[in-house]
Every structure is written in structure tokens, then in C-alpha cells.
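Q: Construct all of the structure, not just a fragment, from the sequences and the given hints.
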Amino acid sequence: MFRGVFTLIQSTQSGPMIRHSFVRSILRSPREHRFAGACVALLFVIGCDAGPSLFPAESIPVEAPERRVGEAFLDRAEIAEVLELQNLRDGAGISEWLEYEDSGVRARAAFALASVRDTGSVDALRVLLDDPAFEVRRDAAFALGHLRHDDDGRALLAALRDERESSVRLQLIESLGLRGGGAVIGELAAFSPADGESGALYLALARMGLRAGSGAPDVLLERLVD
26 MFRGVFTLIQ
36 STQSGPMIRH
46 SFVRSILRSP
56 REHRFAGACV
66 ALLFVIGCDA
76 GPSLFPAESI
86 PVEAPERRVG
96 EAFLDRAEIA
106 EVLELQNLRD
116 GAGISEWLEY
126 EDSGVRARAA
136 FALASVRDTG
146 SVDALRVLLD
156 DPAFEVRRDA
166 AFALGHLRHD
176 DDGRALLAAL
186 RDERESSVRL
196 QLIESLGLRG
206 GGAVIGELAA
216 FSPADGESGA
226 LYLALARMGL
236 RAGSGAPDVL
246 LERLVD
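Residue 36 in the working numbering sits at position 11 of the sequence shown, with consecutive numbering throughout.
Simulated from the structure, these hints should not be mistaken for laboratory data. Yeah, the Cβ is synthetic: ideal placement off N, Cα and C, and Gly gets one too. Treat the hints loosely; a few may be bogus.
What the hints assert, rightly or not - If you anchor each label on the Cβ, the simulated ranges turn out as follows: (1) 142 to 235: 19 to 29 Å; (2) 219 to 105: 35 to 45 Å; (3) 145 to 112: 12 to 22 Å; (4) 105 to 145: 19 to 29 Å; (5) 106 to 145: 18 to 28 Å; (6) 102 to 236: 33 to 43 Å; (7) 206 to 106: 29 to 39 Å; (8) 105 to 171: 15 to 25 Å; (9) 190 to 114: 24 to 34 Å; (10) 102 to 235: 37 to 47 Å; (11) 115 to 218: 30 to 40 Å; (12) 190 to 127: 14 to 24 Å; (13) 102 to 215: 40 to 50 Å.
A: What follows is the structure, encoded as C-alpha cells:
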């Protein structure tokens, strides 16, 4: 079974960097060690393959930081107040902006809650997974990936089934990898990704598998070596 995942790894751009002796040692190890080794190797090649696009060889001109959608820090009092509340780590104060009429403010408030780590905002953020503005849904998903909550990622998975916007889907998959637990790991392993989502899905599954260890369900192992 595990030979398949290393066949997949060797087919990637960075796969040949994984020595065959390392592969053989993992294949001969106990089941839980094989699974952990496969996940680590998969994370390695995904990271290496992403590297050139993140850090191209040619020099990059220095530019002003790009503003997030809907943000104009110098002329929007609402955004400035959200940022001030974020600096104060006032999760309750930020949460009040989640219902603001402007979608840019709602999105920035959701994004800010990720750094404040206020678990009291989890229910309100779940509601925003159905917001009409895609940037709000995306940033709510981002925040839920950085907050501890007790549903094992079921709300994120339910949102993923209905979501059509690519950037939101990718964020939902990433957040499931960060927070998804036993209740959703099997369902995500059986999930059919859209075009351009396979890398994010395998990375999420590898993260979930490392947390589950030897308790990972067979469907996850089968997906990683498919």
C-alpha cells in the first residue's frame, strides 16, 4: 500500500530528492511509522514544489504591501477600529463587527479573530461561512482554522460541499487540515477535489494523518496511496 504514495512522491518535481534508502527503511518499519514517514515525505515534496513559485530566482522589486479586498486603512474608520481592537486582543469587541453592513469590514473582523484566538467567536464565524460575500466566507474559514472548537471541523466540511468560489474552497480545505478531527477525516479522505485542489487536499490529509497517528482510518491511508 505504502509503495503507492512513494511512487506519487517520486513523480513530483522534488520527489527524486527523497533517497530510495529512506523509502525502503520506511516500507520495512511498523505500520504507524510507515504512515508518519509517508506523511512527512509528502509534506516535504509539496513544500519544495511550492518553493519556486513562492520565492522565484529572479529579483523581486520592493513594492508597497498589497491591501486586502475592501480595506483602505487610511480613510476607513471602521477598519481602523477593528485593527485597534485586534491590538487590544478584544475578541468580544471585534465580534460586534461581524454583522456590519459592509462586507470588507466583516471580512477584516473575521480575519482579526484568527490572531486574537477568541473561542467565544466560533459560533458567529460559523454563521459567516454562509455569508453572501466570498471574502467574508474565506476569512471566516481562515479564522476557524486557527481557533480551537469542538465540532471536529464538521461545519467547515459542510461549507466545502456547497462552496463554489475557488479561494474559499482552498481555505476551507486548509482549515480542515489544521482543525479537522476524527469525525471528518474519513469524509475528507473520500472527497473529490476540483481542479487545482489536489495539492491542498493531500496536504490537509497529511496534517490530519500526523495528528491521528496509528489511529488514522484505512480510508485515509488508501487515499494517500491512491
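Q: Could you tell me which of the hints above the structure violates, numbers in ascending order?
A: Per hint list: zero violations.
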